[in-house]
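Protein chains: 2
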Amino acid sequence: MEKQNLPVIFVTNDDGVNARGIKALIEAVRPFGKIVVVAPTEGQSGMGHAITIKVPLRLKKVHEEDNLLIYSCNGTPADCVKLGVYEVIGRVPDFLVSGINHGSNASISVVYSGTIAGAVEACLYGVPAVGFSLCDWNPEADFTAAQSVVRTIVKNLITNKLPKWTCLNVNIPAVSLEKLQGYKVCHQTHGVWREEFEKRNDPGGNPYYWLKGEFQNFEPENMENDEWALANHYVAVTPIRIDFTDYKFMAELKNWNYNL
Amino acid sequence: MEKQNLPVIFVTNDDGVNARGIKALIEAVRPFGKIVVVAPTEGQSGMGHAITIKVPLRLKKVHEEDNLLIYSCNGTPADCVKLGVYEVIGRVPDFLVSGINHGSNASISVVYSGTIAGAVEACLYGVPAVGFSLCDWNPEADFTAAQSVVRTIVKNLITNKLPKWTCLNVNIPAVSLEKLQGYKVCHQTHGVWREEFEKRNDPGGNPYYWLKGEFQNFEPENMENDEWALANHYVAVTPIRIDFTDYKFMAELKNWNYNL
Numbered sequence: 001m002e003k004q005n006l007p008v009i010f011v012t013n014d015d016g017v018n019a020r021g022i023k024a025l026i027e028a029v030r031p032f033g034k035i036v037v038v039a040p041t042e043g044q045s046g047m048g049h050a051i052t053i054k055v056p057l058r059l060k061k062v063h064e065e066d067n068l069l070i071y072s073c074n075g076t077p078a079d080c081v082k083l084g085v086y087e088v089i090g091r092v093p094d095f096l097v098s099g100i101n102h103g104s105n106a107s108i109s110v111v112y113s114g115t116i117a118g119a120v121e122a123c124l125y126g127v128p129a130v131g132f133s134l135c136d137w138n139p140e141a142d143f144t145a146a147q148s149v150v151r152t153i154v155k156n157l158i159t160n161k162l163p164k165w166t167c168l169n170v171n172i173p174a175v176s177l178e179k180l181q182g183y184k185v186c187h188q189t190h191g192v193w194r195e196e197f198e199k200r201n202d203p204g205g206n207p208y209y210w211l212k213g214e215f216q217n218f219e220p221e222n223m224e225n226d227e228w229a230l231a232n233h234y235v236a237v238t239p240i241r242i243d244f245t246d247y248k249f250m251a252e253l254k255n256w257n258y259n260l
Numbered sequence: 261m262e263k264q265n266l267p268v269i270f271v272t273n274d275d276g277v278n279a280r281g282i283k284a285l286i287e288a289v290r291p292f293g294k295i296v297v298v299a300p301t302e303g304q305s306g307m308g309h310a311i312t313i314k315v316p317l318r319l320k321k322v323h324e325e326d327n328l329l330i331y332s333c334n335g336t337p338a339d340c341v342k343l344g345v346y347e348v349i350g351r352v353p354d355f356l357v358s359g360i361n362h363g364s365n366a367s368i369s370v371v372y373s374g375t376i377a378g379a380v381e382a383c384l385y386g387v388p389a390v391g392f393s394l395c396d397w398n399p400e401a402d403f404t405a406a407q408s409v410v411r412t413i414v415k416n417l418i419t420n421k422l423p424k425w426t427c428l429n430v431n432i433p434a435v436s437l438e439k440l441q442g443y444k445v446c447h448q449t450h451g452v453w454r455e456e457f458e459k460r461n462d463p464g465g466n467p468y469y470w471l472k473g474e475f476q477n478f479e480p481e482n483m484e485n486d487e488w489a490l491a492n493h494y495v496a497v498t499p500i501r502i503d504f505t506d507y508k509f510m511a512e513l514k515n516w517n518y519n520l
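Chain order of the listed sequences is A and B. Mapping of the first sequence onto our numbering: position 34 corresponds to residue 34, and the numbering continues sequentially without gaps. Mapping of the second sequence onto our numbering: position 206 corresponds to residue 466, and the numbering continues sequentially without gaps.
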């Protein structure tokens, strides 16, 4: 009966419902509430905040047990959150956690990230939301330290408040728990993915391109950003604001000549 | 010969290379430079800042004439900008304009918008970039007033500077040029799309969902936001910052208990 008062914790990701990262995340948050999972059927990396408007969405219940309900959805992480809120739970959840992503979402990767889009979408509804990413692309990556980070952050979510319109982007370095140096509150590193397309020809002789980028850090000396934190084995905790307005620039922009 | 010194203006959109909106945009910017267009083969609305990593990208030259080069690409707007910069032009363009989108990208639509993603992607490379949207879904929409707005903004882009990491989201009300009240520099309206999924059953009796949302404005009385400007027939000029860090919250976030 006591379980009735547990908070509803919504879980999603962009690597798909069968990814090891989401299984590690579910395991880490189970002690804290009733868990509802809606996650993509297939991996959706790089989908950013895409939503699905041209094909119908499908929801499939894939698992149900005591305080754990798991659905898959053929859409993006943002679709999963919308469907979860409106069709599965029928109300906004108490918390949302997204991930644990296989690979970093620090710096500008935040704009391409389906993991973060899941958190942002929930944040729009006023839900305290966090995206977790482990900086390790290895399919056999060890999520033990990341699970400890999830528990610490979720305990804080329960006792502290996030501002409205702000969610968290938490990136975890690929080191063991013993080697973690602690937590660092950071700003989003100014950087960019320099793309080098790999150009190939198909059997008919027509060219096609594979995207393959290399990250360029514009402020490698800055010790306050998330890339520095990760390189120095700190968990990078970056607060993300979903009002993107450049307020500082508004006054100058008002002085442009709109009579041209 | 004089044409050699014209700036390179990159044009993209999310409604696809054959949309009326991009044709209106190309026509409006042609007097200002050499125009290079890379736009999606098909419409990519709602794709947000998605990038394509699972399927190879194709580029196809669809038109070439004096100072106008048009390619289509099977990817998203962000892909189009990357391919355009690295494979078509071989350097960053002098300006980027995206659109003219069929439909508003005001308020929180900015996170779902492929039009804005095109501008943001260029902004990452330091290119002055603007996304234009006409608040009219009608396929027969009149782009005359929007073209006038494009010319005014582009003249300003040439004579003024945008801060690094800031691009513009310009939304144009669906009224004639005579009825336009002028320009208003705005902040992104705090609002959300309340989703009402339309649930149907397929011939096999299995349910599927169509996404159909209704916009909810959290600050309808605020006269400084983009929704107010549009409702009152002003062009809404909203500066968008691509560092999403919530700097104000950082101090408080440092006080969370990370030893839990």
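Calculated from the structure, these hints are not laboratory results. Built from N, CA and C at the ideal position, the CB exists for glycine as well. Hints should not be assumed to be uniformly reliable.
Derived EDC-like pairs (lysine to aspartate or glutamate); straight-line CA-CA distance at most 20 Å [said to hold, decoys possible]:
| id | chain 1 | residue 1 | chain 2 | residue 2 |
| --- | --- | --- | --- | --- |
| 1 | B | Lys283 | B | Glu325 |
| 2 | B | Lys314 | A | Glu214 |
| 3 | B | Lys314 | A | Glu198 |
Partial list, derived from the structure: chain B residues whose beta carbon lies under 7 Å from chain A [to be verified]:
| id | residue |
| --- | --- |
| 4 | Ala310 |
| 5 | Val315 |
| 6 | Lys320 |
| 7 | Glu325 |
| 8 | Gly350 |
| 9 | Pro423 |
| 10 | Glu455 |
| 11 | Phe504 |
Residues from chain A that keep clear of chain B, each with C-beta distances beyond 10 Å, as calculated [claimed, not checked]:
| id | residue |
| --- | --- |
| 12 | Ala50 |
| 13 | Asp79 |
| 14 | Ala174 |
Hint check results:
With a C-alpha separation of about 15 Å, the suggested pairing of B/Lys283 with B/Glu325 holds against the 20 Å cut-off. Simply put, B/Lys314 and A/Glu214 have alpha-carbon atoms about 17 Å apart, close enough for the 20 Å limit, and the pair holds. At most 20 Å may separate the alpha-carbon atoms for a hinted pair to count; B/Lys314 and A/Glu198 meet this at roughly 13 Å. Because the beta carbon of B/Ala310 sits about 4 Å from the nearest beta carbon in chain A, less than 7 Å, this interface hint is met.
Among the interface hints, the one on B/Val315 is violated; its C-beta lies about 9 Å from the nearest C-beta in chain A, farther than the 7 Å criterion. Annotation: interface hint on B/Lys320 violated; nearest CB of chain A at approximately 9 Å, more than 7 Å. Using the Cβ-Cβ criterion of 7 Å, the hint placing B/Glu325 at the interface with chain A is not satisfied: the shortest such distance is roughly 23 Å. With 7 Å as the threshold, the beta carbon of B/Gly350 stays out of range of chain A, its nearest partner Cβ sitting at about 12 Å, so the hint is violated.
The interface hint given for B/Pro423 holds, since its Cβ lies 5 Å from the closest Cβ of chain A, which is under the 7 Å cut-off. Checking B/Glu455 against chain A by beta carbon gives a least distance of about 5 Å; that is within 7 Å, so the hint holds. The restraint placing B/Phe504 at the interface with chain A holds, with a minimum CB-CB distance near 5 Å, inside the 7 Å limit. With a cut of 10 Å on Cβ distances, A/Ala50 falls inside the contact zone with chain B, its closest approach being about 4 Å.
Residue-level check failed: A/Asp79 sits 7 Å from the nearest beta carbon of chain B, not beyond 10 Å. At the 10 Å boundary, the C-beta of A/Ala174 stays outside the reach of chain B, the nearest C-beta of that chain being 19 Å off.
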